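Colleague: Listed below are the residues making up each chain.
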Amino acid sequence: MQVNIRSGDFVQTEMKTNKPFLGCGLGLRPEYYETIVETRPAVDWFEIISENYMVDGGKPLHFLDRVRENYPVVMHGVSLSIGGTDPLDQAYLKRLKQLIDRVEPQWVSDHMCWTGQGGHNLHDLMPLPFNQEAIDHVVARVQQVQDYLGCQILLENASSYVSYVQSEMTEWEFHTEIMQRADCLMLFDINNIYVSARNHGFDPLDYIRGIPAERVWQFHLAGHSDYGDYVIDTHDHPVVKPVWELYAEALRHFGPVSAMIERDDQFPPFEELMAELDELRNIARDVSGNDGPENDDAKKREAS
Amino acid sequence: MMPGLKELQNAFKRNVVNGDEEFGKYVNTAGAVSSDVRLAIYGNAYFARLEEALESDYDILKQLLGEDVFNEICMAYTKKYPSHYYSLRWFGQDFPAFLGYQPDSGEHHWPAEMAQLEWHFVGAFDAADDVVATEADAAAIAPEAWAELKIRFHPSVRTMAIWWNTLTRWRTAKDAEIVPESVRLLEPAQCLLWRHELMTQYRSMEADEAIALQAALAGANFSELCGALAEEMQDQEMVPMKAAGFLKTWLAAGMISELLA
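Listed in order, the protein sequences are those of chains H and B. Sequential numbering from 0 applies to the first sequence in numbering that gives the first Met the number 0. Sequential numbering from 0 applies to the second sequence in numbering that gives the first Met the number 0.
Quick caveat, the hints were computed from the structure, so don't treat them as lab data. Remember, it's a predicted structure, so these values are computed and weren't measured experimentally. Note that CB positions come from ideal geometry on N, CA and C, so glycine has one too. It cannot be assumed that every hint is accurate.
[As the list claims (entries may be wrong)] Pairs of lysine-lysine residues, derived as BS3-like cross-links and limited to a Cα-Cα distance of at most 27 Å, are as follows:
(1) K58(H) - K96(H)
(2) K173(B) - K58(H)
(3) K5(B) - K93(H)
(4) K96(H) - K18(H)
(5) K58(H) - K18(H)
(6) K58(H) - K247(B)
(7) K241(B) - K173(B)
(8) K247(B) - K149(B)
(9) K5(B) - K78(B)
[What the hints assert, rightly or not] Negatives, chain H to chain B, calculated, CB over 10 Å:
(10) F20
(11) R94
(12) I231
(13) E278
(14) V286
My request is simple: use the sequences and hints to build the entire structure.
Modeller: Here it is, written out as structure tokens:
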């Protein structure tokens, strides 16, 4: 039986979770395969886009296996459609589970969104209305997915450009209630919060303060395209100063959280990404006094 | 009555795909940016993402057709073949057929054939991994077992008939050389694609090799392969040697996973 509780009724309880801390990572992209495998850079961990490795063989899986031999890897999907109203795609879930078995990731994530309707995939992260109907719907599906995969999943806040007249609460209240009821976790995308805050006119600090710290297992940072009146989440620029500042605020609120930089277009030389990673580490060290896992394999690699 | 989640998603989808305006009334309009501009971000991103997937699979075709024509074709394809796949990897699979590719008759224009060639490259690129047999494996086969020998090819091996100078045009475009005009060949040729040590490979085949390969791919044993070759060759005494030569070539190229003696 499901109990409907208004989001404001929640009391943040102490969760006895053992939140892993991986340190500072990067998204694994084909443009950097050779560099990463040949030079073994001092990156604490990598995130993969799960769908890019749902293939039978060849280069993608070859390089994934080589990277996995030397680094922790987390899996990040874009096609779960947890908020979709079509039935969950069993073929997709099966393939996802096969990849989990191969990669043995630290965790698996996707987005709080829907990606298609009536069998037609839009291949985009479409926003949900923030209301009870959507909460009940998503909670039930998260539970199904977690039961099937046998693990908790992380859901990322997607950036958005429209809001629904049907919404009854803030995005952070919506996300929190789903996490509490479905017992899932959060991939907290700091750039997306900046983008959505600009597009919808809310204070990003309210978002940060509205999310229970124990649920946040990962941060994303990325660049975006700024059109003045609105901002689009494009992952094709370096991280901007206001997003670095929000990252520092998030660290103050959440404590040490595994963080990474996403880059999906206009790929710079790898050294430039490493310089951004240094910035990520510096802020983590300055704010939370912790920029890497205790058993820091990356530092050993650097020393050797 | 307010629409439920399913109706909202359906209306939003129709707005993204064909600009249906119903969804506009469910969008908050406060702020400096109009709901039309906000919704256009999704509509533009939808087509851009699908076109990008097609560009990635069919980059030489785009280069040869030019951006405007390719863009127009992509728009029409996207409308006719909406994606039903969880991964964009498969979105472009109907593109050759959409362009009119006729694998049996060859009654298609060059863009369809170029698309089919490029789709085969996509398939060879991430086909299943498998072991690769060597000449040592062939040497270990007892002489009396050769007649019944069957060949299991690497999963990346693909063949296609070529009616146009598509291979030459693909290669010259890829190497940034001067691309010849499209011309129809006097006789259709055969093209072979596969992956070896992570790299996709391609080459054209003479008619006799194509006959031998097609027979082996269809499950013929070595004796049957020789039989198929004998129908093509004048000098019957040379048939076993010719077949053995093809086998040696395929082994050296990494096209064979297992010799089933």
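Colleague: Provide an ascending list of the numbers of those earlier hints which the structure does not satisfy.
Modeller: Hints 5, 7, 11 and 12 not satisfied by this model.
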